[in-house]
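Asks: These protein sequence lines are chains Z and E, in that order. By this note's numbering, the letter at position 104 of the first sequence is numbered 104, and the numbering carries on one by one without gaps. By this note's numbering, the letter at position 109 of the second sequence is numbered 109, and the numbering carries on one by one without gaps.
Be careful, since some hints might not be right.
Simulated crosslink set (DSSO-like; lysine-lysine; CA at most 30 angstroms straight-line) [claimed, not checked]:
| hint | chain 1 | residue 1 | chain 2 | residue 2 |
| --- | --- | --- | --- | --- |
| 1 | E | Lys78 | E | Lys27 |
| 2 | Z | Lys74 | E | Lys27 |
| 3 | E | Lys74 | Z | Lys74 |
| 4 | E | Lys27 | E | Lys74 |
Here are some chain E residues pointing at chain Z (derived, C-beta under 10 angstroms) [as the list claims (entries may be wrong)]:
| hint | residue |
| --- | --- |
| 5 | Glu39 |
| 6 | Leu55 |
| 7 | Phe84 |
| 8 | Gly87 |
| 9 | Ala93 |
| 10 | Gly99 |
By construction, these hints were calculated from the structure, which means they are not laboratory data. Because the structure is a prediction, the values reported are computed rather than measured. Glycine is no exception: its CB is placed at the ideal position from the N, C-alpha and C atoms.
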Amino acid sequence: MWAFLGSDCLLFGSLISTYLLLRNRVGPATSGPTAADLFDIPFTSVSSFVLLMSSLTMVLAVTSIQRAEMERCKLWLLTTAALGAIFIAGQVYEFTSFYREGLGFTTNISSSAFYTLTGFHGVHVSLGIVMLVTMWALVSGGQLGPERAETIEIIGLYWHFVDIVWIVIFAVVYLIP
Amino acid sequence: MDTVAASEEEAHEEHHDHGLSDVGYIKIALILGVLTAVEVATYFWDFGILEVPSLLILMVVKFQIVCSYFMHLKFDSKVFSYLFVTGLILAMAVFAAMGTSMVFWQNPSGCDLSAFC
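Whenever a hint applies, use it, and build me the whole structure from the sequences.
Replies: Structure below.
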């Protein structure tokens, strides 16, 4: 998992670099606003806080299964998945409102870079939610117990990675002018 | 049978030594929440020339805290840290390479030389 996360750093490093280099370029033949013109920082701040807190619930799920507290583990896994779903719902709302303001994927170079970066992150979060729900089903069915707590710990590593990528995106893309 | 139970108990205790207590994790999350609030405050109040450096420092501190405590890098083998940091260094190298090719290798008219304009 650590080797995968290291390689995923490269993917997001490339996407963040691309956005930073293209953020103010709309291209010669295209126009329209850039994503930075339309950011709703208070809304995105709440989404960021939700994703940050999902890391807490994830780590509580890991400690619960290590202590063989299966009911509590199931609760924290579902809470983490729900917080991730709230984050994704926020991202869908953000993309929809940007589109209505005239910022589509092909509007300009800057918008393509923005949607590719945040879209890839959204796909990572969505895959994480699928993994969390699968873990919940396995724990509920008794197929995953404390003796295999590492399985949930590994899913947790992936989830925390998705969180730290958002920490970087939120600061570099949304907050730094 | 007792030996098996004892070894399972030892394994569980090892896991507990592997990180913080639940209260410890909640404290870490509160610290992260406060740091996020400070980050957002830079949007509403003018921090002047300190804005970008303070945002970068806060980002690095939050990144470090999540990696160290939630991802257990502080308590795990250094090999995992090396694997992860290698990925980070390569990512920064990608940024440096892209920045070099797209910003510094431009002719005086501002056109990108790689596009032969």
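Asks: All hints, please: hold or fail.
Replies: Hint-by-hint comparison with the structure:
1. Note on lysine 78 (chain E) and lysine 27 (chain E): the hinted pairing holds, with a Cα-Cα distance of about 25 angstroms set against a maximum of 30 angstroms.
2. At roughly 22 angstroms between alpha-carbon atoms, lysine 74 (chain Z) and lysine 27 (chain E) fall within 30 angstroms of each other, so this suggested pair holds.
3. Under the criterion of a C-alpha separation no larger than 30 angstroms, the hint pairing lysine 74 (chain E) with lysine 74 (chain Z) is consistent with the structure, at around 26 angstroms.
4. Using a Cα cut-off of 30 angstroms, the hinted pair lysine 27 (chain E) and lysine 74 (chain E) holds, with the two alpha carbons roughly 16 angstroms apart.
5. The criterion of a C-beta within 10 angstroms of any C-beta in chain Z is met by glutamate 39 (chain E), whose closest approach is roughly 6 angstroms, and the hint holds.
6. With 10 angstroms as the threshold, the beta carbon of leucine 55 (chain E) comes within range of chain Z, its nearest partner Cβ sitting at about 5 angstroms, so the hint holds.
7. Annotation: phenylalanine 84 (chain E) was flagged as interfacial toward chain Z, and the flag holds, the nearest CB pair being 5 angstroms apart, inside 10 angstroms.
8. A least Cβ separation of about 3 angstroms between glycine 87 (chain E) and chain Z falls short of the 10 angstroms threshold, and the interface hint therefore holds.
9. Of the supplied interface hints, the one on alanine 93 (chain E) holds, with its beta-carbon coming within about 8 angstroms of a beta-carbon of chain Z, less than 10 angstroms.
10. Restraint check, glycine 99 (chain E) versus chain Z: the minimum CB separation of about 7 angstroms is within 10 angstroms; hint holds.
Hint violations for this structure: none, all hints satisfied.
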